[in-house]
Amino acid sequence: MKLTRRETIFAGFGAAVATVLPLPALASVDDAVAAFTGGADVGSDGITLNTPEIAENGNTVPIEVSAPGAVSIMILAAGNPNPDVATFNFGPLAASQSASTRIRLAGTQDVIAVAKMADGSFVRTANEVKVTIGGCGG
Amino acid sequence: MKNIKALSVTASIMGLLAAPAVAGPDSDSLVINGELEMVTETAAPEHLDGAVGDTIYSGWRFRTDETQALQLDDFDNPAMLTVDKAIDYFNTVDGSEGKSCASCHEGPEEFAGLTASLPRVEDGKLVVLEDIINGHRAEVMGAEPWKWSGQDMQGMVALIGLQSRGMPVDVKIDGDAAPFWEQGKEMYYTRYGQLELSCANCHEQNYGNMIRADHLSQGQTNGFPVYRLKQAQLISKHNRFRGCIRDTRAETFAEGSDEFRALELYVASRGNGLSIETPAVRQ
Amino acid sequence: MADGVKPRVKVPSKAAAGEAIVIKTLISHQMESGQRKDSDGNVIPRSIINRFTADFNGQNVVDVTLEPAISTNPYFEFEATVPESGEFTFTWYDDDGSVYTETKSVETS
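Residue numbers (our numbering), protein chains in the order written: chain A, -8 to 129; chain B, 1481 to 1763; chain C, 248 to 356.
Hints in this document: simulated from the structure, not taken from any laboratory.
Here the structure is a predicted model, which means the values were calculated and not measured.
Do not rely on the hints blindly, as some may be mistaken.
[As the list claims (entries may be wrong)] When the alpha-carbon atoms are kept at most 35 Å apart in a straight line, the in silico DSBU-like pairs for lysine-lysine are as follows:
| id | chain 1 | residue 1 | chain 2 | residue 2 |
| --- | --- | --- | --- | --- |
| 1 | C | K253 | B | K1710 |
| 2 | C | K271 | B | K1565 |
| 3 | C | K253 | C | K351 |
| 4 | B | K1565 | C | K253 |
| 5 | C | K271 | C | K284 |
| 6 | B | K1605 | B | K1652 |
| 7 | C | K261 | C | K271 |
| 8 | C | K261 | B | K1627 |
| 9 | C | K284 | B | K1710 |
| 10 | C | K284 | A | K121 |
| 11 | B | K1710 | A | K121 |
| 12 | C | K284 | B | K1579 |
| 13 | B | K1710 | C | K271 |
| 14 | B | K1710 | C | K257 |
| 15 | C | K271 | B | K1627 |
| 16 | B | K1627 | B | K1652 |
| 17 | C | K351 | B | K1565 |
| 18 | B | K1579 | C | K253 |
| 19 | C | K253 | B | K1627 |
| 20 | B | K1627 | B | K1565 |
| 21 | C | K271 | A | K121 |
| 22 | B | K1605 | B | K1710 |
| 23 | C | K257 | B | K1579 |
| 24 | B | K1652 | B | K1579 |
| 25 | B | K1627 | C | K257 |
| 26 | B | K1565 | C | K261 |
| 27 | B | K1710 | B | K1627 |
| 28 | C | K284 | C | K351 |
| 29 | B | K1627 | C | K284 |
| 30 | B | K1565 | C | K257 |
| 31 | C | K257 | A | K121 |
| 32 | B | K1579 | C | K261 |
| 33 | A | K121 | C | K253 |
Modelling step: build the complete structure from the supplied sequences, incorporating the hints.
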């Protein structure tokens, strides 16, 4: 196994810090994408992710994703304790490869969508969502 | 009251109120299910004597487009899940007398207009919808009272409120209601807590400005109970009052206290003329 | 079964054959993330809807894997093609083994 420089840094960093700090989910985002794509190259055309620029509350953030011709779309939230959000698998009667849902975001962070296309290729996009914290409680 | 208002600290309240990134309400109009037009701004009631300017606005006008959208269609409105449960409950027998709401009442539609007129005085006491519901549970059904802000109670408050949706808030403030209204008004302008904030400091003098990350509304109650995204459930008026007073770092009054009943009447009267939006969606 | 789970589904009752229709679904569910603690400091165990499927006359429209980052009262909106008259079946799978289903008929013209 050949480690890239980046992986080596992460491995060392992770070992040193894991017991002390809750790690940001960056490493596991890479893992989740790799598991989804099998390490294939990932393009950026043909996928659209709509998210609010500012979410008034991170508990319920509306998102909409569309990737015409996709077989499945995975959504990740890079700054959550666990980055996995949802995976949509589209069947033969899906009229479009698009869906909307409402998600939880622990703070300001990137929301990532990766689509697997019918030809086996992959595309990815990401949007930053600012989550306002410190408003009036209830 | 005038002298208290004169103590306004508009520039900054301990640095909490930042310069407005977004000033005032937006100009969107609220049409529910593509057909029910709501009055989200109207002439301020006379008793306000210009305290908020000429116009009162629904809290909906101060929310982001994404939050506003959740209230445009009853299917998208998550509050309706709890309202659906309340419809089931309406027809479910509960308590020692073997009765459901439906044993005495044709259906929730019977209560059209009720929420628009509450709180009101009955037999010398100021009564809100939670009192009426628990009163009927105890006296007619022989059932245990519901917790004030529980989802059973607030689901029923929302179901009954929904029957008045689109009607203007129209609470009575004179006659036998006057002393309660005066008590509520006194509370509205009283500074509470270590931060020494009154309701008016935020919701009268600074609506439209940001308090930290929140876009301050006029604090209208015409959409309550509201589905609040933060708690992902229905929030009662008294829960909201308690949250505000707690945020001033004060000991708060209890939900269901006479103080909050009086405040509920006064705050409702500041919204006389706005459409009932129950159940609204807020952040 | 988790308490008071209630699905809501919005599907047009009529459609032209082959037409794309918009479907909305909502189900009441706490979606306990497994990240929260109770007042004694103990972690509240995860309890979520982990899968949602929509099928029409036995053919799949969408099959969704849900994680704890899906909000309370999971909501989905998507488009389906209706080739002929028939019935949609919507199924939600709970961590506790419960399965909730809802069906809606559509007539094509």
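Comparing the hints with the structure gives:
1. Of the supplied pair hints, the one linking C:K253 and B:K1710 holds, its CA atoms being roughly 21 Å apart against a limit of 35 Å.
2. At most 35 Å may separate the alpha-carbon atoms for a hinted pair to count; C:K271 and B:K1565 meet this at roughly 19 Å.
3. With a CA separation close to 15 Å, the supplied pair C:K253 and C:K351 stays within the 35 Å bound.
4. Only pairs whose Cα atoms come within 35 Å are accepted, and B:K1565 paired with C:K253 is accepted, the gap being roughly 8 Å.
5. With a CA separation close to 32 Å, the supplied pair C:K271 and C:K284 stays within the 35 Å bound.
6. Under the criterion of a C-alpha separation no larger than 35 Å, the hint pairing B:K1605 with B:K1652 is consistent with the structure, at around 14 Å.
7. Taken as a hint, the C:K261 and C:K271 pair is honoured in the structure, with Cα atoms around 15 Å apart against an allowance of 35 Å.
8. A C-alpha spacing of about 43 Å is found between C:K261 and B:K1627, which places the hinted pair above 35 Å, so the restraint is violated.
9. Straight-line distance between C-alpha atoms of C:K284 and B:K1710 comes to about 17 Å, which keeps the hinted pair within the 35 Å bound.
10. Between C:K284 and A:K121 the CA atoms are separated by roughly 25 Å; this keeps the pair inside 35 Å, and the hint holds.
11. A distance of roughly 15 Å separates the Cα atoms of B:K1710 and A:K121; the hinted pair therefore holds under the 35 Å criterion.
12. A hinted pair counts as satisfied when its Cα atoms are at most 35 Å apart, and C:K284 with B:K1579 does not qualify at roughly 39 Å.
13. Pair hint B:K1710 plus C:K271 holds up; C-alpha atoms about 22 Å apart against a cutoff of 35 Å.
14. As the CA atoms of B:K1710 and C:K257 are separated by approximately 25 Å, the hinted pair is consistent with the 35 Å bound.
15. Note on C:K271 and B:K1627: the hinted pairing holds, with a Cα-Cα distance of about 32 Å set against a maximum of 35 Å.
16. Using a Cα cut-off of 35 Å, the hinted pair B:K1627 and B:K1652 holds, with the two alpha carbons roughly 27 Å apart.
17. For the hint pairing C:K351 with B:K1565, the CA-to-CA distance comes to about 20 Å; that is within 35 Å, so the pair holds.
18. This hinted pair checks out: B:K1579 and C:K253 have alpha carbons roughly 24 Å apart, not beyond 35 Å.
19. Proposed proximity of C:K253 and B:K1627 is supported: the alpha carbons are some 22 Å apart, at most 35 Å.
20. A C-alpha spacing of about 16 Å is found between B:K1627 and B:K1565, which places the hinted pair at or below 35 Å, so the restraint holds.
21. Under the criterion of a C-alpha separation no larger than 35 Å, the hint pairing C:K271 with A:K121 is consistent with the structure, at around 26 Å.
22. This hinted pair checks out: B:K1605 and B:K1710 have alpha carbons roughly 34 Å apart, not beyond 35 Å.
23. Proposed proximity of C:K257 and B:K1579 is supported: the alpha carbons are some 33 Å apart, at most 35 Å.
24. A hinted pair counts as satisfied when its Cα atoms are at most 35 Å apart, and B:K1652 with B:K1579 qualifies at roughly 32 Å.
25. At most 35 Å may separate the alpha-carbon atoms for a hinted pair to count; B:K1627 and C:K257 meet this at roughly 32 Å.
26. This hinted pair checks out: B:K1565 and C:K261 have alpha carbons roughly 27 Å apart, not beyond 35 Å.
27. Distance check on the hinted pair: B:K1710 and B:K1627 sit about 20 Å apart at the alpha-carbon level, within 35 Å; holds.
28. At most 35 Å may separate the alpha-carbon atoms for a hinted pair to count; C:K284 and C:K351 exceed this at roughly 39 Å.
29. With a CA separation close to 23 Å, the supplied pair B:K1627 and C:K284 stays within the 35 Å bound.
30. Taking the CA atoms of B:K1565 and C:K257, the gap is about 17 Å. The hint holds against a cut of 35 Å.
31. For the hint pairing C:K257 with A:K121, the CA-to-CA distance comes to about 31 Å; that is within 35 Å, so the pair holds.
32. The suggested pairing of B:K1579 with C:K261 is violated, with an alpha-carbon distance near 39 Å, which exceeds 35 Å.
33. For the hint pairing A:K121 with C:K253, the CA-to-CA distance comes to about 32 Å; that is within 35 Å, so the pair holds.
Checked against the numbered hints listed earlier, the structure breaks hints 8, 12, 28, 32; every other hint is satisfied.
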